[in-house]
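Novice: Residue numbers (the working numbering), protein chains in the order written: chain A, 1401 to 1920; chain B, 2 to 473.
There could be a bad hint or two in this list.
In silico negatives: residues of chain A with every beta carbon more than 12 angstroms from chain B [said to hold, decoys possible]:
| hint | residue |
| --- | --- |
| 1 | Ala1495 |
| 2 | Ser1541 |
| 3 | Arg1652 |
| 4 | Asp1676 |
DSSO-like, lysine-lysine: derived pairs with alpha carbons at most 27 angstroms apart [said to hold, decoys possible]:
| hint | chain 1 | residue 1 | chain 2 | residue 2 |
| --- | --- | --- | --- | --- |
| 5 | A | Lys1453 | B | Lys132 |
| 6 | A | Lys1528 | B | Lys211 |
| 7 | A | Lys1453 | B | Lys273 |
| 8 | B | Lys368 | B | Lys408 |
| 9 | B | Lys328 | A | Lys1760 |
| 10 | B | Lys59 | A | Lys1472 |
| 11 | B | Lys320 | A | Lys1854 |
| 12 | A | Lys1453 | B | Lys211 |
| 13 | B | Lys247 | A | Lys1453 |
| 14 | A | Lys1472 | B | Lys132 |
| 15 | A | Lys1472 | B | Lys273 |
| 16 | B | Lys328 | B | Lys247 |
Treat the hints as calculated values from the structure; they're not laboratory data.
Idealized CB from N, CA, C, for every residue including glycine.
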Amino acid sequence: FLSYTIDEYLLDTNLSLSSLTASRRGLPQKKMSENGISRPKVLTLDTMNPTVKMVEYAVRGPIVQRAVELEKELSEGIEKPFTEVIKANIGDAQAMGQQPITFFRQVLALCSYPELLNLDNTFPEDAKNRARLILQSCGGSSLGAYSPSQGIDYVRQDVANYIERRDGGVPCDPDNIYLTTGASDGITTILKLLVCGQGIDRTGVMISIPQYPLYSAALAELGAVQINYFLNEDNCWSMDIQELQRAVNEARQHCHPRALCIINPGNPTGQVQSRDCIEDVIRFAAKERLFLMADEVYQDNVYAEGCKFHSFKKVLFEMGPEYSETVELASFHSTSKCYMGECGFRGGYMEVINMDDDVKSQLTKLVSVRLCSPVPGQALMDLVVNPPQPGEPSYNCFIKERTATLSALAEKAKLTEKILNTVPGIRCNPVQGAMYSFPCITIPDKAIKEALEKGQQPDMFYCMTMLEETGICLVPGSGFGQKRINEGFVVMTILPPIDKLTILLNKVKEFHQRFTKQYS
Amino acid sequence: MSVLQEISPSVRSIKPLQSTPIALRAEQIREELKQGVKKPFREVIDVAWGDAQGAGIKPLTFVRQVLAACLYPQLLDSNRLPTDVKQKARGLLSECHGGSMGSYTDLPGIPQVAREISEYIARRDGGDPPKTGNIFISPGSQWALQNILNLLVHGHGEVRSGVLTPIPCHVTTIESLHSLGGVSVPYYLSEEHGWELQMEELNRALEYAKQVCAPVALYVVNPGNPPGHVQSKKSIQDVIRFALEKRLFLLVDEVYQDCVYADNVEFVSYKKVLAEMGPPFSDTVELASFHSASKGFLGEAGLRGGYVELVNMDPDVIKYACTIFSKDTAPTPGQIALSVLANPPRLGDPSYPLYEMETQQMQTMIKANVRRVHEVLDSLPGISCQPVEGGAFAFPRVDLPPKALQKAKEMGMEPDTFYCLRLLEESGAFITPGCEYGQKEGTYHIRYTLLNDIMLMEVCAINHILINCRHF
């Protein structure tokens, strides 16, 4: 773990920036030109921004690179023990065959090429009307114009209305809504705002372990201190206030904790936090004076009996003014997950609650450096928060598609848990929500030894071997921060179509049994 | 008291981009007009931003047909769309995961798009197509630029990294640099010489930079924004030599490369000149060149498609560039726009005649606007404009009488801001003042866009008012 800050590291190693110039340090990164005069590059690993070096983005890390290589080899006709590479590591539903919502694509097509509005029978009337409304709200009536950097007003208004409906009437001010380039852009922006200070005053940000690697990558890039708090595996990966308290107390010795990040429903664990738990977290944040960041991109992906999505905002407001008027919160949503699966459009929003006016104006400035978020993504977000209503021509088709997608996911979640738990040496918590299973695998000692000899984490070694032998690409848990001897975790999406998923899960089962036998 | 009272100083140092006093007042006036308040004009004439489609210019049909077909592939079965549109859409979709625009794309993007960009660069510059591993597609060129700056800039600690930036310069890049904790060190373009970049001035700026920061890069905009200068080949060679000698990373913003209007002027890319100069330059000077679908004939600013091509970058550093860029993949609609930018319809394709007509129309309109700018402005006392060779704006210099300077001082604003506000109040014309881009002390400028088909008539109107404005 990052036990001290980047600045302390630099001080410790007596590096001053001027001395990082390669030429003055006489480093071997020199390029010889034809006449033998050495010309060191300006930008090398040594002169590079040091915080960038700390960034590892596991979701697209070495195992994914190897998967891409294998795909290439397959396409070149090289024989492998498998006929295709299955990238079961990233939450990309449509890549796995999930169909987009017809209405959304119709409206977007109409917005892109408004001449289609003149066609008679190709598009339903409600799709056409929506397209007209959206285009009216765009500069020059086109998706190609810049929008205000906070996002198109009309869309922000619709987002605010959605949030109010979702949260049972808790008011939402459109001025607190920012349309972002996916949720990750919003999250990174808030972190940029938060991270400051030097040495012991350096900003610390609490993130859950297991976590989604975007957070650790962003924190590393910003030179912030990552404060890990462990989710409780034995209680279905719930948040544990005692553990939060432990983490923050320990962190206060070497940094200034300022934010607490929660992913609910969770990634990769899939846990759906109970209402009581959310209240406890809010009380904790209030007491410890932490800015709450609630990543709620999976809010429609809830499968398990007895589980329900509670938005942090709603719970906050229902806790009364002592909390609702003081606790600072940013909630994030996106078009990439849920039943939409529209990752490629990079649509998202964030809502900021109780943010100080001065801070908000700094946020607005920061957002303006991005110019604006992709307008098709903004248009799509508008449709997501304001879908077809009963009585409208597209309603039946919409509801049918949405229900089919979500119930398929629920079925796949159950199937995954069921099959994996039949494998000795694998145990899998119920997948309550989101899009991943996070099974725990027992890795034999011999395998651990071989892994360490190769300089790999055991679960990375396990995943690499599985990839080479079966073509199945999973992300090892060490990319998610969980570390334990003899046990590793892997992340597997539940996204492939159900028949393919069944085959996949059985292949994982076979592989695990082979692997265990081979290294026993 | 807020938890966030302490904000990162780099964030605090950013100047507001869109909420300048003029922009806010223009917005207010729009509201007032909506509510029926009487004014000497019916609407705000927005010639401030270089946003072609925002100004009402129609997008290119081919781009939008391909985009619609990719979004809603059922259209591929109808006979509504030309065959080349369908072919392109099918090709792009076949390389998207799951055959859908809704999937994430890998680095460097949809493979066909990356290939097309590579081939485009080869056609433009001659030589071999660059490896697609050296091309990174991003949500707009500024996003890519910030990622590259992030690699270069040490933003904390006693000595911060510096980048030489032109004066005048559009604001986004500079504020992007500030947000990373970097220092911008200005070098003044020479207005008397058509906004030329002068080596003496670059040297001066660099010497000054060494006292206040650790200079690491040189940022050049060619064609320029706001000045419409197109750099000569000789000037580019000089800059490349300077970069090699002084060990600076070259950041070259070439988003207006398709916007060149003057007859005897040609855009030539830094990369091409670099390659032609041969070793040691061609295999040593590190260069990042940026392009975008937001400008030029496409004008698809809202789709957010841009790319950076890296030349001579250390392969170890490229690995980190991959990590940074992989967190922010470009949206698929933006990638489609880039695909058309790099590989537009060709002679013989069914869509070619329409494509050619639409691009010609834009070209004609802008050239006419440029002519008008010079015809009208050159005849007015107190206003002068260097030749607009390319880019998207006119950036004339305005001589303000002492009374105006005094009035501005009393009101606590820059004289050219005051001038633009007066223009806005009296004529509804929304332009931006030179102080927002930087200018030599004691000089004042205004910037307005050429990408507007109302420009033709309105330029005359604006300038008529400009004369009247002078009698403060």
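Novice: So, for every hint listed, does it hold in this structure?
Specialist: Evaluated hints:
1. Ala1495: 3 angstroms, violated
2. Ser1541: 8 angstroms, violated
3. Arg1652: 14 angstroms, holds
4. Asp1676: 24 angstroms, holds
5. A:Lys1453 with B:Lys132: 24 angstroms, holds
6. A:Lys1528 with B:Lys211: 59 angstroms, violated
7. A:Lys1453 with B:Lys273: 31 angstroms, violated
8. B:Lys368 with B:Lys408: The hint is violated at about 37 angstroms.
9. B:Lys328 with A:Lys1760: This hinted pair holds, its Cα atoms lying about 25 angstroms apart.
10. B:Lys59 with A:Lys1472: 41 angstroms, violated
11. B:Lys320 with A:Lys1854: Roughly 21 angstroms separates the two Cα atoms, so the pair holds.
12. A:Lys1453 with B:Lys211: 25 angstroms, holds
13. B:Lys247 with A:Lys1453: Given pair Lys247 (chain B), Lys1453 (chain A) holds - Cα atoms ~25 angstroms apart, limit 27 angstroms.
14. A:Lys1472 with B:Lys132: Answer holds: Lys1472 (chain A) to Lys132 (chain B) is near 16 angstroms, not above 27 angstroms.
15. A:Lys1472 with B:Lys273: 32 angstroms, violated
16. B:Lys328 with B:Lys247: 33 angstroms, violated
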